[in-house]
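For the record, the sequence lines run as chains Y and H. In terms of the numbering used here, the first sequence opens at residue 22 and continues consecutively. In terms of the numbering used here, the second sequence opens at residue 19 and continues consecutively.
Simulated from the structure, these hints should not be mistaken for lab results. Computed from a prediction, not measured in an experiment: that's the story for all the values here. Be aware that a few hints might be false.
[Said to hold, decoys possible] Output of the computed footprint for chain H on chain Y, the stretches with three or more beta carbons under 8 Å from beta carbons of chain H:
{"hint": "1", "segment": "24-34"}
{"hint": "2", "segment": "120-131"}
{"hint": "3", "segment": "262-273"}
[What the hints assert, rightly or not] Pulled from the structure, derived: some chain Y residues nowhere near chain H, Cβ distances all over 12 Å:
{"hint": "4", "residue": "E56"}
{"hint": "5", "residue": "D111"}
{"hint": "6", "residue": "P225"}
Ideal Cβ positions, reconstructed from N, Cα and C, are used throughout, including at glycine.
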Amino acid sequence: MLSRVADSLYWMSRYVERAEHTTRLIAVKLDSMVEQTSEDAAASWSRVIEALTGEKTAPLHQDAFVITRKLAFDRSNENSLITSLALARDNARQVREALSNEVWENLNRLYLRLTPVTMDSIWVHTPGRLFREALEEMHTLEGVTYSTLSHGEGWYFLELGRHIERVQQLGRLLDVHFSAANSETAPKYFDWLVLLKFCTAFEPYTKQYTASIRPQKIAEFLLFDPEFPHSICFSVDRMTEALARVAPGAPPARRAAVERLAGRLKAAVDFGQVDELMSGGVAAFIADITKQCEQIHKALYSSYITYGAETVL
Amino acid sequence: MQHEVFAGTEDFGGPDIVAAPAQASRPGVDAPYANYELGKPYDEMFARDGKARLPYATIDSRISTLPLEELNRRQQACELSFLHQGITFTVYSDNQATERIIPTDLLPRIVTAKEWDRIERGLTQRIHALNLFLRDIYNEGRVLKDGVVPRSMIYGSKHYRREMRGLPVPHGAYVNICGSDLIRNEAGDFVVLEDNLRVPSGVSYMLANRDVARRAFPAVFRSMGVRPIEHYPLELLATLRSLTPFHEDVSIAVLTPGVFNSAYFEHAFLARQMGVELVEGRDLLVNDNVVYTRTTSGLKRIDVIYRRIDDDFIDPLIFRSDSALGVPGLFNAYRAGNVMIANALGTGVADDKAVYAYVPRLIRYYLAEEPILDNVETFLCREQKSLDHVLANLDKLVVKAVGESGGYGMLVGPHASQKERDEFAEKVRADPENYIAQPTIQLSTAPTFVGNGIEARHVDLRPFILHGAETKLVPGALTRVALKRGSLVVNSSQGGGSKDTWVLSQ
Numbered sequence: 022m023l024s025r026v027a028d029s030l031y032w033m034s035r036y037v038e039r040a041e042h043t044t045r046l047i048a049v050k051l052d053s054m055v056e057q058t059s060e061d062a063a064a065s066w067s068r069v070i071e072a073l074t075g076e077k078t079a080p081l082h083q084d085a086f087v088i089t090r091k092l093a094f095d096r097s098n099e100n101s102l103i104t105s106l107a108l109a110r111d112n113a114r115q116v117r118e119a120l121s122n123e124v125w126e127n128l129n130r131l132y133l134r135l136t137p138v139t140m141d142s143i144w145v146h147t148p149g150r151l152f153r154e155a156l157e158e159m160h161t162l163e164g165v166t167y168s169t170l171s172h173g174e175g176w177y178f179l180e181l182g183r184h185i186e187r188v189q190q191l192g193r194l195l196d197v198h199f200s201a202a203n204s205e206t207a208p209k210y211f212d213w214l215v216l217l218k219f220c221t222a223f224e225p226y227t228k229q230y231t232a233s234i235r236p237q238k239i240a241e242f243l244l245f246d247p248e249f250p251h252s253i254c255f256s257v258d259r260m261t262e263a264l265a266r267v268a269p270g271a272p273p274a275r276r277a278a279v280e281r282l283a284g285r286l287k288a289a290v291d292f293g294q295v296d297e298l299m300s301g302g303v304a305a306f307i308a309d310i311t312k313q314c315e316q317i318h319k320a321l322y323s324s325y326i327t328y329g330a331e332t333v334l
Numbered sequence: 019m020q021h022e023v024f025a026g027t028e029d030f031g032g033p034d035i036v037a038a039p040a041q042a043s044r045p046g047v048d049a050p051y052a053n054y055e056l057g058k059p060y061d062e063m064f065a066r067d068g069k070a071r072l073p074y075a076t077i078d079s080r081i082s083t084l085p086l087e088e089l090n091r092r093q094q095a096c097e098l099s100f101l102h103q104g105i106t107f108t109v110y111s112d113n114q115a116t117e118r119i120i121p122t123d124l125l126p127r128i129v130t131a132k133e134w135d136r137i138e139r140g141l142t143q144r145i146h147a148l149n150l151f152l153r154d155i156y157n158e159g160r161v162l163k164d165g166v167v168p169r170s171m172i173y174g175s176k177h178y179r180r181e182m183r184g185l186p187v188p189h190g191a192y193v194n195i196c197g198s199d200l201i202r203n204e205a206g207d208f209v210v211l212e213d214n215l216r217v218p219s220g221v222s223y224m225l226a227n228r229d230v231a232r233r234a235f236p237a238v239f240r241s242m243g244v245r246p247i248e249h250y251p252l253e254l255l256a257t258l259r260s261l262t263p264f265h266e267d268v269s270i271a272v273l274t275p276g277v278f279n280s281a282y283f284e285h286a287f288l289a290r291q292m293g294v295e296l297v298e299g300r301d302l303l304v305n306d307n308v309v310y311t312r313t314t315s316g317l318k319r320i321d322v323i324y325r326r327i328d329d330d331f332i333d334p335l336i337f338r339s340d341s342a343l344g345v346p347g348l349f350n351a352y353r354a355g356n357v358m359i360a361n362a363l364g365t366g367v368a369d370d371k372a373v374y375a376y377v378p379r380l381i382r383y384y385l386a387e388e389p390i391l392d393n394v395e396t397f398l399c400r401e402q403k404s405l406d407h408v409l410a411n412l413d414k415l416v417v418k419a420v421g422e423s424g425g426y427g428m429l430v431g432p433h434a435s436q437k438e439r440d441e442f443a444e445k446v447r448a449d450p451e452n453y454i455a456q457p458t459i460q461l462s463t464a465p466t467f468v469g470n471g472i473e474a475r476h477v478d479l480r481p482f483i484l485h486g487a488e489t490k491l492v493p494g495a496l497t498r499v500a501l502k503r504g505s506l507v508v509n510s511s512q513g514g515g516s517k518d519t520w521v522l523s524q
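Start from the sequences and build out the full structure, keeping to the hints where you can.
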């Protein structure tokens with residue numbers, strides 16, 4: 022596969038994942054805020070903003086309308102839903118020949134439908150509805166990708182993009198919840214419940230741990246559950262598998278550079294213990310995982326995409 | 019109200035029953051043809067007496083059973099389908115990039131089997147002559163020695179590539195992909211207006227138009243015996259393969275300038291349909307006169323390049339050094355015979371508007387045959403007698419600069435002001451060799467859906483010819499439409515659209 026094509030597939034997938042994550046957070050937040058006091062809702066919104074944009078904002082001065090506009094439709098916000106979708110589509114357009122018609126058309130249609138949306142038009146009745154519908158479209162896109170593309174190298178680059186992005190987004194989301202656990206704006210019971218919903222994890226969690234919502238169990242589930250698709254462990258497994266499947270003809274030395282890093286990350290997740298983490302260690306653990314993902318990203322590029330031609334001639 | 023953004027459907031409607039022939043529609047009288055004007059030009063659908071021509075009878079009776087809203091809905095479904103597929107170009111204004119679809123019209127244009135037979139034979143003859151001509155001028159130059167074509171016209175052409183002299187080209191096929199523009203004159207005969215021998219585009223629109231027109235009128239389509247065109251990518255692949263001796267085990271790539279090129283959709287489309295790589299200049303590198311692509315697993319050799327980049331930009335070491343689109347060293351790899359490039363370089367010299375005027379003579383010279391398809395009558399301003407005639411009749415003629423395409427650098431005499439004509443006359447006097455003139459040709463008109471009815475719009479016809487080990491035409495073409503009433507400019511860069519072309523099997 023062309024290195025440039027691999028690059029575009031990888032980023033297309035990262036941006037789709039980012040768009041989906043952003044959409045889900047907004048959809049869940051818009052639905053759940055009605056059950057909170059305005060102080061709690063404001064604190065919760067500022068966690069969402071920090072998780073999505075990295076900006077720390079003071080609570081209280083937040084207006085859901087303004088926040089939603091910024092997170093969803095502000096093109097000058099490089100992390101907004103619409104920016105992520107536009108970038109995903111730009112990347113897809115550059116590799117139309119490597120995608121199926123169905124994948125391109127689903128992504129294109131989603132983008133074209135969200136482009137003319139104004140906040141005023143969605144705010145009148147049920148603001149969350151547009152985002153729920155967009156999420157459905159994104160799930161369709163994921164299904165169409167799974168079922169219409171050959172599961173060859175290109176597909177594994179999509180997998181890599183998706184799961185590296187997911188680990189990073191999930192990491193940030195967990196971080197903003199767990200690092201504030203002992204402060205005065207500490208998440209309350211309802212916030213932990215919402216955290217599970219942010220990760221589509223509420224029902225899978227209750228099946229595992231019953232409906233008793235406890236931060237330690239949530240951390241265990243979202244970090245280490247090997248079967249749940251929005252856990253760090255699950256994504257790391259998919260990344261490891263995908264890394265073994267891309268660039269089949271690359272020289273062993275270049276493969277080894279990437280696979281060694283992946284092996285180390287997998288070991289960290291496989292042997293992590295939640296009770297060791299609970300005394301403030303969750304944030305450090307996540308920081309370590311995120312850093313390792315960045316290293317894998319760099320190694321992936323230097324081994325398969327931006328390598329110097331003189332090294333292989 | 020709030021979620022209309024999630025509405026929108028490409029549903030083209032239920033089965034399309036062909037009704038028993040009703041009373042034939044009369045242009046200028048019956049809805050939806052109330053504003054249909056029959057003028058001097060040949061009309062594709064209606065004869066001079068206002069009766070629908072036989073091949074159009076089926077579609078006419080179908081249309082007469084459809085309310086205007088239904089036609090409108092189907093037209094919108096066609097457009098939506100284009101939008102979703104990304105058959106768009108980008109318009110920049112106020113820092114906002116808006117995407118517009120390449121306009122498509124749902125009403126098909128019909129070409130009978132007999133008409134197609136003549137077009138096919140005529141264009142086959144023409145591409146043979148043009149390839150013989152190219153081989154000649156890049157080798158012994160017989161045609162120049164014999165004085166059939168003036169030497170200065172060839173060696174002075176900015177599209178003549180000295181670098182190609184004496185270079186062997188497989189099967190002598192310099193032009194492998196050609197898109198010739200035909201028009202139908204007042205008498206109803208097809209004549210050639212232009213040969214596009216460099217990097218002709220539009221074939222993907224031919225296929226995309228078929229896709230929507232077939233869905234808009236499924237039963238009519240089925241009942242009429244329309245010849246299929248879907249095998250075009252396969253034929254293109256076979257043509258490209260025939261350029262190397264390896265045939266099956268050959269690595270082919272489509273070379274595109276990139277996603278910002280207006281024909282990018284087509285480049286990606288053809289690569290996908292053929293199952294070959296789509297590459298940009300930056301994906302390729304040349305080492306020891308061999309061309310490679312950079313892949314995740316390492317470098318991979320490329321044997322044939324279908325290039326969609328102009329000569330000037332293809333190799334900065336040989337041609338324009340400021341080009342970032344091309345591949346340094348590509349031309350030397352080509353010279354060394356390690357990679358085939360389609361079309362060959364330097365083909366532009368033969369689709370120059372001045373050489374065009376000589377094509378009938380070239381056909382007689384190389385093939386000793388009479389041209390099957392005529393040219394449009396053309397005056398070469400380089401010949402004094404013609405120049406005088408042109409300057410005296412500027413208000414009746416269309417004058418074109420020979421090196422330009424896409425409708426640029428031309429004067430449409432009857433539509434220009436006296437001031438414009440005077441200014442243009444100065445340009446022609448200053449550099450007569452650079453200009454040709456033709457009578458104001460009347461493009462034929464064809465029924466086109468305009469929102470509140472069906473009106474006559476001018477059309478041309480661009481069939482695509484493939485030429486490698488053998489010559490092939492897929493029985494179809496791009497029919498380009500001048501969407502503005504009365505306009506003769508069909509170029510998509512200047513407000514033209516297109517429609518499907520149905521070549522009938524009998």
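Outcome of the hint check:
Coverage of the segment 24-34 of chain Y by chain H holds [criterion: at least 3 residues with CB-CB distance below 8 Å; count 3]. Look at the segment 120-131 of chain Y against chain H: 5 of its residues bring a Cβ nearer than 8 Å to a Cβ of that chain, three or more, so the hint holds. Requiring three or more residues with a Cβ within less than 8 Å of a Cβ of chain H, the coverage given for the segment 262-273 of chain Y holds, as 6 such residues are present. No beta-carbon of chain H comes within 12 Å of the beta-carbon of Y/E56; the shortest separation is about 23 Å.
The Cβ of Y/D111 does not lie farther than 12 Å from every Cβ of chain H; its closest approach is about 8 Å, which violates its non-interface assignment. Every C-beta of chain H lies more than 12 Å from that of Y/P225, the closest at about 29 Å, which supports listing it as non-interface.
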